[in-house]
Amino acid sequence: MDKNSLETNLKELESIVSKMEQGDMALEDSIKSYEKGMLLLKLCQDSLKEIEQKVLILSAENTLEQFKSTDE
Numbered sequence: 100m101d102k103n104s105l106e107t108n109l110k111e112l113e114s115i116v117s118k119m120e121q122g123d124m125a126l127e128d129s130i131k132s133y134e135k136g137m138l139l140l141k142l143c144q145d146s147l148k149e150i151e152q153k154v155l156i157l158s159a160e161n162t163l164e165q166f167k168s169t170d171e
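First residue of the sequence shown? That's 100 in my numbering, and the numbers climb one at a time after it.
Among the clues, some could well be false.
With a cut-off of at most 27 Å between alpha-carbon atoms, the simulated BS3-like pairs for lysine-lysine come out as follows [as the list claims (entries may be wrong)]:
1. Lys131 to Lys141
2. Lys135 to Lys118
3. Lys110 to Lys153
4. Lys131 to Lys110
5. Lys153 to Lys141
6. Lys141 to Lys118
7. Lys110 to Lys141
8. Lys131 to Lys118
9. Lys135 to Lys148
10. Lys110 to Lys148
11. Lys131 to Lys153
Hints listed in this document are in silico derivations from the structure and should not be mistaken for laboratory results.
Between the sequences and the hints, there should be enough to build the whole structure, so can you do that?
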């Protein structure tokens, strides 16, 4: 799965949740949507952790320092 922006991933996750909440999906489609949703959730959590690290660095020193991403 591509690493899109946090906003893009959140919108896609919201769409999946909305479709699943309607309750008219076939079981196989529901399982596939659930799996995709869990992957998107993980990507969103990872993005938020990176953003939190940046904010902490900025708050601590009032300057932006280079930090190593978890992807590196």
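Kindly indicate which numbered hints from before are broken by the structure, ordering the numbers from low to high.
Hint 11 is the one this structure does not satisfy, whereas the remaining hints hold.
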